[in-house]
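So the sequences go chain by chain: A and B. Residue 14 in the numbering used here sits at position 14 of the first sequence, and the numbers go up by one each step. Residue 318 in the numbering used here sits at position 318 of the second sequence, and the numbers go up by one each step.
One or more hints might be untrue.
Stated by the list, open to error - Restraint ranges, calculated between C-beta atoms of paired labels, are given here:
{"id": "1", "chain 1": "A", "residue 1": "P31", "chain 2": "B", "residue 2": "A82", "range": "57 to 65 Å"}
{"id": "2", "chain 1": "A", "residue 1": "K30", "chain 2": "B", "residue 2": "H340", "range": "19 to 27 Å"}
{"id": "3", "chain 1": "A", "residue 1": "W28", "chain 2": "B", "residue 2": "T352", "range": "55 to 63 Å"}
{"id": "4", "chain 1": "B", "residue 1": "L313", "chain 2": "A", "residue 2": "P40", "range": "22 to 30 Å"}
{"id": "5", "chain 1": "A", "residue 1": "P31", "chain 2": "B", "residue 2": "L169", "range": "18 to 26 Å"}
{"id": "6", "chain 1": "B", "residue 1": "S72", "chain 2": "A", "residue 2": "L44", "range": "29 to 37 Å"}
{"id": "7", "chain 1": "B", "residue 1": "T220", "chain 2": "A", "residue 2": "K30", "range": "32 to 40 Å"}
{"id": "8", "chain 1": "B", "residue 1": "S72", "chain 2": "A", "residue 2": "D39", "range": "17 to 25 Å"}
{"id": "9", "chain 1": "B", "residue 1": "K58", "chain 2": "A", "residue 2": "T51", "range": "40 to 48 Å"}
{"id": "10", "chain 1": "A", "residue 1": "P40", "chain 2": "B", "residue 2": "S206", "range": "43 to 51 Å"}
{"id": "11", "chain 1": "A", "residue 1": "W28", "chain 2": "B", "residue 2": "P84", "range": "28 to 36 Å"}
{"id": "12", "chain 1": "A", "residue 1": "D39", "chain 2": "B", "residue 2": "Y98", "range": "38 to 46 Å"}
To be verified - Anything over 12 Å on all C-beta distances counts as not near chain A; from chain B, calculated:
{"id": "13", "residue": "M105"}
{"id": "14", "residue": "H164"}
{"id": "15", "residue": "V181"}
{"id": "16", "residue": "A230"}
{"id": "17", "residue": "Q241"}
{"id": "18", "residue": "K274"}
{"id": "19", "residue": "E320"}
{"id": "20", "residue": "N327"}
{"id": "21", "residue": "F328"}
{"id": "22", "residue": "L341"}
Stated by the list, open to error - Stretches of chain A that chain B covers, calculated by requiring three or more beta carbons in the stretch to come under 8 Å of a beta carbon on chain B:
{"id": "23", "region": "26-34"}
{"id": "24", "region": "45-51"}
{"id": "25", "region": "54-63"}
Keep in mind that the hints were calculated from the coordinates and are not lab data. Note that the Cβ used here is the ideal one computed from N, Cα and C, for glycine as well.
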Amino acid sequence: MRKNPILRTGAAVLLTLGLSACGGIEPWVKPYERDRLADPIMFLDADPVSTSYIQHVYEAREGARGAEGSAGGGCGCN
Amino acid sequence: MKLQRIVYSVLLLIFAINRSAVSGVLPEDRTDILYHQYTGGGVTIDGPSVLVRKQVGKSVSFAANYYVDMVSSASIDVITTASPYTEERTQYSLSMDYLRGNTTMSAGYTSSVESDFDATTYNLSVSQDMFGDLTTLTLSYAFGDDIVGRSDDPAFSRDNTRQHYGMSLTQIMTRNLITSVNFEVITDEGFLNNPYRSVRYADSGSPAGYAYEPELYPHTRTTSAVGLRARYYMPWRAALQGEYRFFGDTWDITSHTAAVTYVHPMGPWTFTGKYRYHDQTGAHFFRDLFSRSEATNFRGRDKELSPLTSHTLRFSASYEFLSRGWNFIEKGSVTASLDHLMVDYHEFRDLTSTAPVGEEPLYSLKANVFQLFFSFWY
């Protein structure tokens with residue numbers, strides 16, 4: 001299918017305007033309601049060094065990788 | 001080129017919607033000193049990892065990481081086709097985060113050096129807080145350049161390049177629930193197999209009934225993974241996290257990974273329990289036993305490319321001290337954790353047992369991963 005540059009540009013502008021409009025959305029969880037989310041037990045990655053290490057172990061022991069955060073380079077696999 | 005255009009367009013969109021009045025934050029200043037040890041399947045890997053992160057001024061934060069793997073290996077691969085060995089891998093990482101308004105831009109460099117494998121990685125990311133800081137969108141890119149060698153052949157040198165494209169969205173859903181979705185595509189090109197590993201093939205002329213020849217992998221691989229996480233604050237002070245990842249690649253490996261984590265603080269202590277499940281199909285060129293020499297265009301017998309199922313149980317305990325601060329330190333903690341990993345391989349066989357060729361029992365692995373680390377915030 002032939003790509004129409006005008007349609008693509010228009011779509012990009014509409015998407016930009018749409019997302020910009022979203023900037024006006026009132027946050028439904030107010031800053032003063034985020035005390036529980038600020039508790040360290042709610043951090044998605046509270047210990048980045050430990051997380052990076054254990055992900056490296058999983059990458060070495062399994063055939064899958066990615067979408068779990070960062071992992072070290074190199075191998076050390078066998 | 002198409003992917004680059006998409007990344008460029010999304011970057012433009014991020015800056016276009018930078019309208020919130022609330023500023024983002026840099027990562028916390030902290031130092032972690034970690035000792036790690038992996039034991040299982042005839043392999044012991046241990047060493048330190050030290051991370052130092054410090055903010056300079058109001059908008060820049062630097063981080064440096066030093067990491068060592070000391071490997072002593074007599075794994076099932078090694079004892080059936082080679083000799084036990086020891087080696088060391090040293091990795092250095094440097095990174096910088098720059099905060100401007102709601103946007104955090106990061107750049108990093110990682111160098112990993114072994115006697116026969118050098119890896120260099122450069123990474124960039126941009127992160128944007130939106131909608132009253134309820135939403136954080138992060139785009140990342142990394143380029144890796146590896147040199148594969150052989151310890152028994154100084155003239156052997158092969159190149160790999162890797163490119164990572166990542167996008168993650170973190171969303172505060174309610175005052176008790178935070179979620180995230182991660183998408184990552186990684187492409188490899190170059191010498192992707194282990195230069196020491198062999199495949200076995202049926203050979204009636206051999207006393208064992210089989211013989212070995214070197215692995216031969218495709219020279220390209222593209223993997224895609226999407227991960228979902230949700231963390232919920234319980235009615236009492238505790239957190240429950242569920243996560244799932246779907247993975248697929250051009251080698252025909254698909255996998256499902258799921259985990260559930262429970263975090264429970266008690267005074268200065270924090271206890272964590274986790275169960276993780278992983279199940280994957282095998283690579284299309286994996287065989288435990290090939291019918292003959294050079295039976296297929298590509299050949300591999302890496303057990304990680306076999307269909308497998310793994311279960312991991314984790315328990316960790318963390319104790320917080322210096323809660324009222326001391327000198328320039330705001331607080332500290334010490335954490336010990338143990339992961340017990342159990343892997344059942346569905347096609348990779350244990351050749352240390354005596355059985356007719358191709359009927360050896362399937363291999364299974366049990367490993368313990370121990371970590372002890374001190375953390376200081378300042």
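| Violations among the numbered hints, reported as their numbers in ascending order | Structure breaks hints 2, 7, 8, 9, 10, 11, 12, 14, 15, 16, 17, 18, 19 and 22.
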